[in-house]
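K.L.:
With chain W's structure known, arrange chain H on it following the hints.
Chains as they are written, first to last, in full-length UniProt numbering: chain W, 1 to 589; chain H, 1 to 589.
Hints were generated in silico from the structure; no laboratory data involved. Hints are supplied without guarantee of correctness; some may be wrong.
Copies of the same chain are indistinguishable here, so a pair counts whether it falls within one copy or spans any two.
[Said to hold, decoys possible] Dumping the calculated DSSO-like pairs for lysine-lysine here, alpha-carbon to alpha-carbon at most 30 Å:
id: 1; residue 1: LYS303; residue 2: LYS235
id: 2; residue 1: LYS462; residue 2: LYS584
id: 3; residue 1: LYS137; residue 2: LYS303
id: 4; residue 1: LYS137; residue 2: LYS326
id: 5; residue 1: LYS326; residue 2: LYS235
id: 6; residue 1: LYS251; residue 2: LYS10
Quick caveat: nothing in here was measured; it's all calculated off a predicted structure.
2 protein chains.
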Amino acid sequence: MLLQKTLLEKIEGPQDLKNLSPEELLQVSTEARQALLEKISSHGGHNGPNLGVVEMTVALHYVFDSPRDKFIFDVSHQSYIHKMLTGRMQAFTDAAHYDDFSGYTNPKESEHDLFTVGHTSTSLSLANGVAKARDLKNENSNVVAVIGDGSLSGGLAYEGLNNIVEQGTNTIVIVNDNDQSIADNFGGLYGNLKALRESNGQVENNFFKALGFDYYYLNDGNDLTALISLFETVKDVNHPVLLHIHTVKGKGFKFAEENREQFHAGGPFSLTTGEYLGSGNHPATYSSVTAEFLLEKMAKDPKIVAINAGTPMLLFNQAQRQQAGKQFVDVGIAEEQAATMTAGLAKNGAKPVWAVYSTFMQRSYDQISHDLALNDLPGTILVYGASVNSMNDESHLGIFDIPFLSHIPNLVYLAPTNKEEYLAMLDWSLEQTNHPVAIRVPVGDLIETGKKDVTDYSQLFKNQVVAKGSKVALIGVGNFYSLAEKVAADLKEKLDLQSTLINPKFISGLDTELLDSLKENHQVVVTLEDGILDGGYGQTIASYLGDSDLHIQNYGLEKAFHDRFEATELLADSGLTTDQIVRKILAKI
Amino acid sequence: MLLQKTLLEKIEGPQDLKNLSPEELLQVSTEARQALLEKISSHGGHNGPNLGVVEMTVALHYVFDSPRDKFIFDVSHQSYIHKMLTGRMQAFTDAAHYDDFSGYTNPKESEHDLFTVGHTSTSLSLANGVAKARDLKNENSNVVAVIGDGSLSGGLAYEGLNNIVEQGTNTIVIVNDNDQSIADNFGGLYGNLKALRESNGQVENNFFKALGFDYYYLNDGNDLTALISLFETVKDVNHPVLLHIHTVKGKGFKFAEENREQFHAGGPFSLTTGEYLGSGNHPATYSSVTAEFLLEKMAKDPKIVAINAGTPMLLFNQAQRQQAGKQFVDVGIAEEQAATMTAGLAKNGAKPVWAVYSTFMQRSYDQISHDLALNDLPGTILVYGASVNSMNDESHLGIFDIPFLSHIPNLVYLAPTNKEEYLAMLDWSLEQTNHPVAIRVPVGDLIETGKKDVTDYSQLFKNQVVAKGSKVALIGVGNFYSLAEKVAADLKEKLDLQSTLINPKFISGLDTELLDSLKENHQVVVTLEDGILDGGYGQTIASYLGDSDLHIQNYGLEKAFHDRFEATELLADSGLTTDQIVRKILAKI
Chain W
1 MLLQKTLLEK IEGPQDLKNL SPEELLQVST EARQALLEKI SSHGGHNGPN
51 LGVVEMTVAL HYVFDSPRDK FIFDVSHQSY IHKMLTGRMQ AFTDAAHYDD
101 FSGYTNPKES EHDLFTVGHT STSLSLANGV AKARDLKNEN SNVVAVIGDG
151 SLSGGLAYEG LNNIVEQGTN TIVIVNDNDQ SIADNFGGLY GNLKALRESN
201 GQVENNFFKA LGFDYYYLND GNDLTALISL FETVKDVNHP VLLHIHTVKG
251 KGFKFAEENR EQFHAGGPFS LTTGEYLGSG NHPATYSSVT AEFLLEKMAK
301 DPKIVAINAG TPMLLFNQAQ RQQAGKQFVD VGIAEEQAAT MTAGLAKNGA
351 KPVWAVYSTF MQRSYDQISH DLALNDLPGT ILVYGASVNS MNDESHLGIF
401 DIPFLSHIPN LVYLAPTNKE EYLAMLDWSL EQTNHPVAIR VPVGDLIETG
451 KKDVTDYSQL FKNQVVAKGS KVALIGVGNF YSLAEKVAAD LKEKLDLQST
501 LINPKFISGL DTELLDSLKE NHQVVVTLED GILDGGYGQT IASYLGDSDL
551 HIQNYGLEKA FHDRFEATEL LADSGLTTDQ IVRKILAKI
Chain H
1 MLLQKTLLEK IEGPQDLKNL SPEELLQVST EARQALLEKI SSHGGHNGPN
51 LGVVEMTVAL HYVFDSPRDK FIFDVSHQSY IHKMLTGRMQ AFTDAAHYDD
101 FSGYTNPKES EHDLFTVGHT STSLSLANGV AKARDLKNEN SNVVAVIGDG
151 SLSGGLAYEG LNNIVEQGTN TIVIVNDNDQ SIADNFGGLY GNLKALRESN
201 GQVENNFFKA LGFDYYYLND GNDLTALISL FETVKDVNHP VLLHIHTVKG
251 KGFKFAEENR EQFHAGGPFS LTTGEYLGSG NHPATYSSVT AEFLLEKMAK
301 DPKIVAINAG TPMLLFNQAQ RQQAGKQFVD VGIAEEQAAT MTAGLAKNGA
351 KPVWAVYSTF MQRSYDQISH DLALNDLPGT ILVYGASVNS MNDESHLGIF
401 DIPFLSHIPN LVYLAPTNKE EYLAMLDWSL EQTNHPVAIR VPVGDLIETG
451 KKDVTDYSQL FKNQVVAKGS KVALIGVGNF YSLAEKVAAD LKEKLDLQST
501 LINPKFISGL DTELLDSLKE NHQVVVTLED GILDGGYGQT IASYLGDSDL
551 HIQNYGLEKA FHDRFEATEL LADSGLTTDQ IVRKILAKI
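Isolated chain W, as found in the complex:
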């Protein structure tokens, strides 16, 4: 440990802050930042956002009275200091306990955490509901929402602002403006925020005042005394107020202040050099081959344009974004805009490709359905992180996209199993003009066949029969195709049984001719998919073949918000190991 964190470690709850002197509160802040740096540098996490709100969080808990007063943190990736101050200190001061708590607020952990949150822009609407409930119960308490400037690009945040003003009672909106989203901010609002920062809150047209807020600006949002004074001014206010607080992202750690995008979040890094550990050359990944492929295509075709909503590093690093130039658009954290803009682009003859995480794509269900699919426009969606082997926080799961996406009419959803197949699908999708196409970008190590994929993907829903066999047909979807291969190998080894091995490629429609043919000399049809079972691909096959004499076995995950799991354990618990699958097959042949 770098410091004796004596004062900090005495804080068992917000009450312990109340009798501290200004100097002691400052000491708590200093020690908290130090503890934070120690943890994140060795453990990883959301760096910049938490470093920037140390003083704000101390001031909030000093002035307000949680849990009577209600704090709601947008995304809640900036709640580490809040956790320290609300009985979860050990998770920051004792390396053995670093993983005791989630990286987001979580009501199961503490009464000071109101919501499990992980997506952006929700805090204001949540606060609006919490405040309305307070009013209906004729209670008095402060409702405080903390939202970053980056999260303000999401439409839901605007809906929340509108409705907070309409409601008209106590709601304190804190805009934590560090002039940075995950990456840069984009959108007209940010011109206004900049003008407000540069004028100490005085501009001719103030966005927040225009919406009806009682507006306060604080330029040094890392000044503990000023923060306390501001919060005391608005505490118990009887109407909505908006505190525009300018903080420094990454405050107190030079490298994070200087490289705000890199230090938004990440793995362990050196406190002395600011280098991420394990950085350096990496083998090619599905992300890197996507970027290379697209940049090459873009150079040849100015109509190709990549879209992203606030997570550009998913697709392109900073240099690649510069290279793409006007052929790359970051719309801010605004997935609905990304989807609907994709429709507009496709309609007017561009070739848009929107890269999005599975978990965030669900924020634009209607835009994909009503704007892109109803109009049957040729936009491409690259669905990243759609796997049990991707992010494993309950708020960031990539296991629901087959149920919500694949049943949207007109949309073609593809699940490649290796690099060549993936790029062939992407190339086809960009060049075809008939339908919206989503591609479930494989998760895991890059698999290369070394053989160009010459499949004609315009033959929709045509599955690939990799091996023809009898008795058992194995349909392995995307990432789980390799599991199907293993099951096939095991059946071969144990029973000398040649099963039929199918790579369906398409998961938004069935190869009915192939499925019908299985009735002849098969007894069991097995589907394997990397997502929840309910509403999934396998169930469409169970339904299609339900009236036949075939036995259908669908494998996938249980419908649940699985949280911080080990993928291999969860898969074993879900019956998704080769052994378990083979045993169930053997029971039927």
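P.N.:
Same frame as chain W, but now just chain H:
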């Protein structure tokens, strides 16, 4: 016909407007309004919105050059005059052709219609994409989006505004401000719009200027000359402009101007008295019993609060809204806000019930999943219009909610089959504190059993076995339970077969004990659901029983954006008549 529409009927396309004199253009406007009134009074449609934009639409087509210049109408319910002027006159001047065209823009009808649209707040993001594609292709044309003040409450509209400013090139946003959404407007923005109207566009904090728009205000938005002049001013502009145009909703028809909510849309009405034909006393409906039930509960429990997003008449008429007082909240057309606010309300001890059409609910998939369901909060969602027998425009279908809603973890989705069951479910949902609950409000005539439903709904996923039989089990979901009854009766009559008749009640989970028991003395399990088959309830049953010897037959609609269909025809085409079903069952027993 009330007038000789000689001039109007000569307009075969926008080109025919170009050489008209100002007086002639005015005559076209007058005749267009007259034709419009004749049609909507005898046929029904969106009344107020179209009456208000007669002059604006004539001016747009006079000044701009469609289809080279691109018009995008938000919701596109106000596109009737546009249709008249772009080759579809007959649908407004000849009663025999009134149904030739859709009530929304539709690219299949005309090159002047860019998108099939029916949901709000999408036009700006679409325009942003269209303009970006134009820029990528180095073309020149004006991109013009027309959006009503009501549609500005949706977060996507704000995302669109932000991104149009960011893009910085020609995009002309027309805010058609008639000071009215479908019903009243709600939200902080509307204070700003009011101040702008009252100050002729001069206020201290201008929302649109704050976002970076070059802003123009026109107070008499039904003044054709002023409109033409304004449009000529901004035509071919090289940056984003926003034209705030104040129009009169229902302009030119006294009753519509006076009763803006009633005349937003509706069936045939009298031109002389302004009375809707067939208005008067109606038998009770599922809507009316819901309102009565909720108002009675609310009077006893101040914690019950009804939420709606811009379609309040779905739940309460104007008098009932007044009666509900603070226990009713209209959040504007902002379904995401409605869902997330519901979560906030439930968290803080209120009992929220959110009423929403199935087709609009899909605009809040992530909010239902990430805010309400992940937090497992006891909010109630009343899902209206979820049936093939509800709205039948391709943009307004209520047949997708089982696939997208029922597979969200934690959420309990219920499908009642009659009034008593429905109200028992609603009552249970409001009083329980464990889970979010959605109820698929039945569609069709009110079915009353006269017997109180005493089911304990806290026994999740427990199905009701209405009749115990053998060989055939019929599972009729919600609205289609009556179809299952008919099939049962037919089997009884034709074969003297007593089938097992099941009302599943729950559609987000299975009664596995019951399903397992069917293996004993049944051969065929039939599921019937009022929605698309793919991703639906029946497929979860096909999957669960897939490995058994039972034959499973799932009945539902084909996955497609069915458009302006006759429900009985579509059902017959989908194999959903009693005869067709019985025949398929007989083939297996």
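K.L.:
Please go over all the hints and tell whether each is borne out by the structure.
P.N.:
So, going through the hints one by one against the coordinates:
In this assembly of identical chains, the alpha carbons of LYS303 and LYS235 lie at most 30 Å apart only when taken from different copies (25 Å versus 53 Å within one copy). With identical chains, the CA atoms of LYS462 and LYS584 are at most 30 Å apart both within one copy (28 Å) and between copies (28 Å). In this homomeric assembly, LYS137 and LYS303 come within 30 Å of each other (Cα to Cα) only across copies, at 7 Å, whereas the closest approach inside a single copy is 56 Å. For the homomeric pair LYS137 and LYS326, the shortest alpha-carbon distance between copies (11 Å) is at most 30 Å, but the shortest distance inside one copy (53 Å) is not.
When the C-alpha separation of LYS326 and LYS235 is checked against a cutoff of 30 Å, the pair qualifies only between copies, where the shortest distance is 24 Å, while the shortest distance within a copy is 46 Å. In this homomeric assembly, LYS251 and LYS10 come within 30 Å of each other (Cα to Cα) only inside a single copy, at 24 Å, whereas the closest approach across copies is 69 Å.
In this structure, every one of the numbered hints holds.
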